[in-house]
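So the chains spell out like this:
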Amino acid sequence: MAEGPILSVRNLRTEFQVGRRSLRAVQDVSFELARGRMLGIVGESGCGKSVTAHSVMQLLPKAGRISGGSIHYVDGSGRERVLSAMERNGREIRSVRGREIAMIFQDPMSSLDPVYGIGHQIAENLLEHERLDRGEARARVVALLAELGIPIPEKRYDDYPHQFSGGMKQRAMIAMAMICNPRILIADEPTTALDVTIQAQILALMKQLQERHGTSVILITHNMGIVAETCDEVGVMYMGRIVELGSLEQIFNAPRHPYTAALLRSVPVLGLGGRKELESIRGTTPDASTVFEGCEFEPRCDRACPRCAKESAPERILDGSRRVRCWLYA
Amino acid sequence: MRDALLEIQDLAKYYPVTEGALRKVTGHVKAVDHVDLSVRDGETLGLVGESGCGKTTLGKCLVRLHRPTSGRILLRSADGSMQDLLSLQGKESFRTRRRIQMVFQDPYSSLNPVKNILSAFDEPLRIHGFGNGARRRDIVEEALRAVNLQPDYMYRFPHEFSGGQRQRICIARALSLKPEVVVCDEPVSALDVSIQAQILNLMKALQKQYRLTYVFIAHDLSVVQYMSDRVAVMYLGKVVELADSASLYAGCRHPYTEALLSAVPIPVLGARKDRILLSGDVPSPVDPPSGCRFHPRCPKRMDVCREKEPLLQEVRGAPAAAEGAGHFVACHLAERGGKR
Chain A
7 MAEGPILSVR
17 NLRTEFQVGR
27 RSLRAVQDVS
37 FELARGRMLG
47 IVGESGCGKS
57 VTAHSVMQLL
67 PKAGRISGGS
77 IHYVDGSGRE
87 RVLSAMERNG
97 REIRSVRGRE
107 IAMIFQDPMS
117 SLDPVYGIGH
127 QIAENLLEHE
137 RLDRGEARAR
147 VVALLAELGI
157 PIPEKRYDDY
167 PHQFSGGMKQ
177 RAMIAMAMIC
187 NPRILIADEP
197 TTALDVTIQA
207 QILALMKQLQ
217 ERHGTSVILI
227 THNMGIVAET
237 CDEVGVMYMG
247 RIVELGSLEQ
257 IFNAPRHPYT
267 AALLRSVPVL
277 GLGGRKELES
287 IRGTTPDAST
297 VFEGCEFEPR
307 CDRACPRCAK
317 ESAPERILDG
327 SRRVRCWLYA
Chain B
450 MRDALLEIQD
460 LAKYYPVTEG
470 ALRKVTGHVK
480 AVDHVDLSVR
490 DGETLGLVGE
500 SGCGKTTLGK
510 CLVRLHRPTS
520 GRILLRSADG
530 SMQDLLSLQG
540 KESFRTRRRI
550 QMVFQDPYSS
560 LNPVKNILSA
570 FDEPLRIHGF
580 GNGARRRDIV
590 EEALRAVNLQ
600 PDYMYRFPHE
610 FSGGQRQRIC
620 IARALSLKPE
630 VVVCDEPVSA
640 LDVSIQAQIL
650 NLMKALQKQY
660 RLTYVFIAHD
670 LSVVQYMSDR
680 VAVMYLGKVV
690 ELADSASLYA
700 GCRHPYTEAL
710 LSAVPIPVLG
720 ARKDRILLSG
730 DVPSPVDPPS
740 GCRFHPRCPK
750 RMDVCREKEP
760 LLQEVRGAPA
770 AAEGAGHFVA
780 CHLAERGGKR
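Chains as they are written, first to last, in our numbering: chain A, 7 to 336; chain B, 450 to 789.
In isolation and in its complexed conformation, chain B is listed as follows (with noise of 0.2 Å):
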């Protein structure tokens, strides 16, 4: 089993709801609810689930884009140990970030439309003191030929490329700062079907000439399938079942998990299989179901759901499918014994 590179520990993100003019707090969104992960060295860790599930903003917690409520990230350092990235101050929380960077879901608003390829790189290799301006010069053409684009690019303005290759230009600009982990935030989901196999396929090969680990967010399951080794579902600010991604899909123990993957529609005939169909709409994270959250909606609810909020444990007797890889589910019935 590969060591943890990043250790999110009981990470909880809310944003306050306010009312009137004196915006009085009246109440939080739980958008991220006491979240525990471990993302290991140079794996792909998928977060998938539905709009508003929080997925975005663990991931933009993790750059800290977002000050998390309370939690620990742990970044593992150069001697070994780890470090919470959040008690760091000043220069030391600084040097950091460059250890961790993020590549949007919309690569059309993620590039300044003023400035140039080369200034949209130059300024985050600046800032982090990569060398004077040829050295960071060379740094963008070795950056855009690893993502198969021409190095004279960098004197071209976004509006002068395509979608595919905007996003290709976002990844080359994650990369240009060398880090070891980059947070994928749906990342081909903007693109056209026949795009996005191409920037999947690079990734995975960015991944292995840099032995990058990735966080790979984003709703589709079967990208996300493709993509990870491990895959986290999460709903309602929860993640509900955690297992590598074969074992998540041969054998998923949480009813969610399981109406997700059977609502994905598949591209060849005769494949379906049953489908859940689940009642009603994601309820609101302000004021989340009791119990188990997933409640009101799940076909196989006990009167145990309502009250008691299911821990996430491991699933014991769970086919070992990879060497290591807990399978952990967090569902009364999977305590009691498992899927009927």
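Bound-form chain A, shown alone (with noise of 0.2 Å):
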């Protein structure tokens, strides 16, 4: 599309204050979120894959801020709004939060509240940031779920989060996400908790729906497949940092940063069986308060040399688009 991205994250830094230590949860992080596009951010667990997505919600703990950088976030009015200068938890986040940003998190058994009904939860997004009266609200709700395949809704919009298998919960946490029509959808994770029938099942959901309502998705997991299956874009984190950030073929074909490279070969692929022996990346994945001089993972990359452990690579733009942060590349 010719407009420019709907959100932009710049140069984005997280800390944690643990005791008097302040530890880099993210640093440095840019991207952009193309409108009606699906970025895909992977990583292992650590990483500050949620971090970043926390900081762009504004839903960081007490004990994390956002130290650097900017989020800026076009409104549907075409105004830019910077996110990362609002006052926390004040008026103007809480009218971006929920009604034109939302968020899906991982696990669907503990974000539901288990003492109210599931279209009680799902309504009070959509009563809060629009003035309708309870009755409204509810034929709204009963409307989203039936559209996510939920049988019987106006039945199951009065059942209680325990009355609803695994699969169910992840469609009433998607249906609370996206019952204002939220321009762009963070998902952190969604599948993780589920089956892989059910998880095939929730992500063909999400793709409809995507292309159904023009939504711009932010893709948060730790499965290259998923990936592979859902994304246009992909970034790669490693402790903290987007190591290599790129469309889905340039990633996938070619990739270009070694721990790019290295995850992808350590992944088994179905039907290649036992044959193809998997190759693994030494070592483990470093302590979250390790500082580094150099690259994060010169400690455990193959293709390391003397300079990659003193200085820390910068960020590089190759094959037109894609932006390596690699001292092969600079």
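Hints are supplied without guarantee of correctness; some may be wrong.
[Stated by the list, open to error] Below, in silico cross-link-like pairs of lysine-lysine (DSBU-like), each with a Cα-Cα straight-line distance of 30 Å or less: (1) B:Lys540 / B:Lys473; (2) A:Lys282 / B:Lys653; (3) B:Lys653 / B:Lys627; (4) A:Lys282 / B:Lys473.
[To be verified] A few chain B residues that face chain A, going by a derived Cβ cut-off under 7 Å, partial list only: (5) Leu626; (6) Val630; (7) Gln674; (8) Tyr675.
Just so you know, the hints here were simulated from the structure itself, not pulled from any lab data. The model shown is predicted, which means the values in this text are computed figures rather than measured ones. Glycine is no exception: its CB is placed at the ideal position from the N, C-alpha and C atoms.
Using the supplied hints, reconstruct the complex from the two chains, each of which is provided in its own coordinate frame.
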């Protein structure tokens, strides 16, 4: 599309205060989300992918704060709003959060309140942002539940979370996020807690909703397979940094960063069976508090050179559009 | 064809569902419902299925953490005869326990945080009579070396290790008892992607080195296929398909296996085949559907599926990929001459 990105994150830094130390969870992260597209952010646990999402939503816990960079969002009227400058939990961010940018969390079991009905919890978001009476809100929620494939939604509206199966709870979470027709949806590991056949249902549903409503989506996951099948662009994160960012084809068919390449070689691919030996990445993911002078991946990298240990690699643009942070290309 | 080392016959595990203050039994969760499987000497048998299909319960029955409701578990003894583990009493029963060990899913909760690694190893070694303290320490040392950890780690505590290291320790602990069969219950699903490959490759290497037989339980089909010689697919307490792993992928016969295979996201662009989306959720194992348990979700169901339960039968005319590898499926469609 000719228009600019709907969301741009520029040099974001997020820190957590742990005792007297501050931990850098996200370092110098920049990316843009194009309208109506799906951006995947992949990485292992502790790489900062969820913190990035929570930073955008201003949902960081008390110990966390954005210490640098900025997050820009272009609203429906074309006005640019700086999310990172908004007061935490102020009126401004609350008018955006849930209405214009919504989020789906990983664990549907613990993200729903067990003492309220499902429908009530979904309608809550709607009533917060729109002037509706309860009857109208109920009708909207029931219609959306039907669209999400929940059988007899009028009846299920009054059910409690424990009466829903895992897949249905995740549908309810999607309904909660989608009820105000948000322009951006951030899905944080939306299917990790689910079985594969249910995962396939939920991903198909998200794709369908995205196409129908033109929502722009950030999908956060550790599963390379899910990214390959749903996203348009991919950012690969390691230890708080985006090490490589490019189109799906660029990342999967010709990964440039050694971490991306190693990650792709280390997952078993269905159909190849045990014939091909998996290549593993040596060592373990360092503790989040480790401070690196050079590249964070250097201790585990097969292509590291002396320089990698001393200096952090700058970001370079390769192949026209992809961004890589590695001394091999600097 | 290799001989069976472990034979599971008509195994069932039902959990009572109780109601009211008197805990009256109102029904049963049929977690494992009359399963027959044989595990061959030196192979890896994969058990795959969605949550609640009974794969973990079956694994726990094998190491007798659960007492099965009915059925037999036969283990080949030194003289070549098959011994029913469930009918053994006292000392005899105890002695066979060492021969089947288990590695659990969550390496965080399977190590006692207040005991160091040595005492975590030492207890089972002492119970099973592996010599005096010094001898047992040697065994721990050797086991830690086998999983590429430094022997002096035995004096450390679980919190000092990462998830991947803990899982190595759990594997080493299982191996220290010199078992013949290791039941691995989702050994890598709690680990990060970059660590998973390390553990899987390590397990393959150990299998060769110590001539182990694995029962490998996982929900991730790509992992199961990578590890296993043969794969059994379970659904609601039943084995619906059993085949060697290559022919399961190339020519599965059960509609559930087909849907399960197609649902796995593949990290290679353009590899996607048509996805079969199943409707609905897995039904409750308390009151499983009549006839074939998969019929309410099956895209290929016929009238007979609602009434008659299909039996696990060998597929005739299947391309036998490996010597003596039978392909078994429990589906009325297969009985009628295969997939259309």
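Consistency of the hints with the structure:
no.	hint	result
1	B:Lys540 / B:Lys473	35 Å, violated
2	A:Lys282 / B:Lys653	13 Å, holds
3	B:Lys653 / B:Lys627	16 Å, holds
4	A:Lys282 / B:Lys473	54 Å, violated
5	Leu626	26 Å, violated
6	Val630	19 Å, violated
7	Gln674	5 Å, holds
8	Tyr675	4 Å, holds
In the structure shown, a violation is registered for the earlier hints numbered 1, 4, 5, 6, in ascending order.
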